[in-house]
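Below, each chain spelled out in residue letters.
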Amino acid sequence: MTTPAIRVSHLWKLFGPERILRTCDRPETFPEALKAGAVAAVRDLSFTVAPGEIFVVMGLSGSGKSTLIRSLLRLIEPTWGRVEVGGVDVTALDGPGLTHFRRTKVAMIFQHYGLLPHKTVLENVAFGLKLRGVPPAERRAKALEVLARVGLKGWEEKLPSALSGGMQQRVGIARALATDADILLMDEPFSGLDPLIRTDMQNELLRLQAEMRKTILFVTHDLREAVRLGDRMAVMRSGSFVQVGTPDEILAHPANEYVARFVHAQDLPGRKKQTQREKVVS
Amino acid sequence: MPEFHVAGWIDAFVDWLLLSYGALFDGISAGILALLLRIQAGLEWLPWWAAVAITILAAYSLTRRPGLSLILGSLLVMVVALGLWPLAVETLAVVIASVVLALLLGIPVGVLMAESRWANAALQPVLDAMQTMPSFVYLIPAMMLFGLGKVPAVLATLIYSTPPVIRLTNLGIRQVSPEVQEAALAYGATRWQLLKEVRLPLAMPSILAGVNQTTMMALSMVVIASMIGARGVGEEVLLAINRIDVGRGFEAGLAIVALAIVMDRLTQAFARRWETPGVP
Ligand SMILES: Nc1ncnc2c1ncn2[C@@H]1O[C@H](COP(=O)(O)OP(=O)(O)OP(=O)(O)O)[C@@H](O)[C@H]1O
Ligand SMILES: [Mg+2]
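Chains A and B, in that order, are what the protein sequence lines are.
The first sequence lines up with residues 1 to 282 when you count with the working numbering.
The second sequence lines up with residues 1 to 280 when you count with the working numbering.
Derived from the structure by calculation, the hints contain no laboratory data.
Treat the hints loosely; a few may be bogus.
Under the rule of at most 27 angstroms between Cα atoms (straight-line distance), these lysine-lysine pairs were calculated in the BS3-like manner [claimed, not checked]:
(1) B:K196 x A:K214
(2) A:K105 x A:K142
(3) A:K130 x A:K142
(4) A:K142 x B:K196
(5) A:K119 x B:K196
(6) B:K196 x A:K105
(7) B:K196 x A:K158
So the derived list for chain A, only partly shown, Cβ under 7 angstroms to chain B, looks like this [to be verified]:
(8) R74
(9) I76
(10) W80
(11) K105
(12) H112
(13) H118
(14) T120
(15) L122
(16) L131
(17) V134
(18) A137
(19) A210
Keep in mind the model is a prediction, meaning the values are calculated, not measured.
Cβ coordinates follow ideal geometry from the N, Cα and C atoms, glycine included.
Put together the whole structure using the sequences plus the hints.
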């Protein structure tokens, strides 16, 4: 069996007042802290993502998706647990090691794009390479190549504010691709876009993925998006995974009432008739 | 209640400074004087009509507003017409030297306050004191340490005018969008790279607003500064006060206002050039 691209074991992240969190050094102390008023944004999560897979984490607002994805790069410091990404034990890295890891192994794409408003599209795409110390000519060539790949030829010298939301997110994707990282972390990348643009971007991602075969951890609150994109998906609620499986499995066999409600609430193609029939029955 | 005084300690402290670090103060003094004289020589070398022309061109290239540019130019012409240009040059030299030093000190301190919570907590009260302490209070020790003349005038101006650029540098950096900073960190920015590539450039409009305020505060000190030997237009005001010469005092005051408007509009226009679209 191949080693997983991402392996998360017993990951916890508690938020709360400093005075409560100080006492939290082992999982045995967590129930006490939770009673005292701390919140577990991520609660004892364990899962793996295989190389080349699109793994979608789907959940409602506040279920802990962003906290989880940020913990993988330690943008948020986990309270407990182990995170391995691309064969690196991220939780054990020191400062310089973490910086090197972020520059080479993973690239992140954000809901609000996270572009640098004072830099041109080209400079934004080359940003990861600049941080890494790649010489200007080389990073320019790489950025031009990637921009062409995401369909932004001719926009290189514009500032991000001159672009539409969909185009800005293409810049975000190009910035991630430019680093040649094997693992992409995407936190609701298309949630801010109009439905039509959104579908375009999903198609674009699938097209790129067919060429690149990256490992993608994709976060969304939209079941329809999860089903379209995911090789496998997890339904997240209150910091835990309620169910993990292929989209087909989850649609066909919701593990419990919560997942079932989700599945029925959304107007999925192919399930439409069934929901309508149920409405008539009830 | 028995009285308690710190005055004796302060006196002793200044005496001790003078005795133990006299050479250091002489060194600082020489450095400031050299900077000041160089700036003044440059300004004196420039004929007044060239200064007017440069002002108009600079204003036009920054704002693209011909009307405003001409008004700024004519304000300087008015100073010349009042016969106050040579004094204005002396004043400008003190103001520019103070502003240069204020920026060299203030921007790094502002960055430090934004980067370190400890420095922020420690320096806030110092800034409050610098801005609210009546300047006459530190004119006396400044005179004792540096003698009469332009150097203590620059120092007094510096103390009064540095806080705005410190505060606005600090504020500007703190207001940089956390999302943009997080993205830079996610791509492996070190603390220094984050500062240089993201925080400072995005804080630039705020920093330049600080430069503008610092310049204005420095100009507002010219009369006080002339009491300890800064000369210039401020001295003209003092002389007019002594002789109860209302008209002469008014003319000098007008010249100061003219200089202030010119410097304000120019620094503001420069600040505006730095705003990036899409950044609040
Ligand atoms: N810095 C923080 N301090 C305190 N609580 C936090 C913090 N960040 C997140 N939380 C809490 O952790 C929980 C999970 O938040 P998170 O942002 O991970 O959810 P999410 O699934 O990404 O939601 P959304 O769809 O709104 O982005 C929420 O209850 C939130 O209030
Ligand atoms: Mg989120």
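- Item | Cut-off 7 angstroms, beta-carbon criterion: hint that A:W80 touches chain B | 22 angstroms, violated
*asked:* For the restraint on A:A137, tell me whether the closest CB of chain B is nearer than 7 angstroms.
replied: Violated, because the Cβ-Cβ distance from A:A137 to chain B comes to roughly 19 angstroms (cut-off 7 angstroms).
Original post:
Would the stated hint for A:T120 survive a check requiring a Cβ distance to chain B of less than 7 angstroms?
Top reply: 11 angstroms, violated
Does the nearest C-beta of chain B fall within a distance shorter than 7 angstroms of the C-beta of A:K105?
Interface hint status for A:K105: violated (10 angstroms vs cutoff 7 angstroms).
- Double-check A:L122 for me: the hint is only fine if its C-beta lies closer than 7 angstroms to a C-beta in chain B. Since the shortest Cβ distance to chain B is 15 angstroms, the answer is violated.
- Hint check, A:V134 versus chain B [nearest Cβ-Cβ separation less than 7 angstroms]: 12 angstroms, violated
**Report entry** Restraint check, 7 angstroms cut-off on beta carbons, for A:R74 near chain B
**Finding:** 10 angstroms, violated
- B:K196 and A:K105: Cα distance at most 27 angstroms? Between B:K196 and A:K105 the Cα gap is close to 24 angstroms, so the pair holds against 27 angstroms.
Would you check the hint for B:K196 and A:K158, treating anything up to 27 angstroms between C-alpha atoms as holding?
-> 21 angstroms, holds
- Was the hint right that A:A210 lines chain B, CB cutoff 7 angstroms? With Cβ-Cβ at 25 angstroms, over 7 angstroms, it is violated.
Holds or violated: is the Cβ of A:I76 closer than 7 angstroms to a Cβ in chain B? Because about 10 angstroms separates A:I76 from the closest Cβ in chain B, which is outside the 7 angstroms limit, the hint is violated.
Are the Cα atoms of A:K119 and B:K196 separated by 27 angstroms or less? 13 angstroms, holds
Consistency with the previously given hints fails for numbers 1, 8, 9, 10, 11, 14, 15, 17, 18, 19, ordered from lowest to highest.
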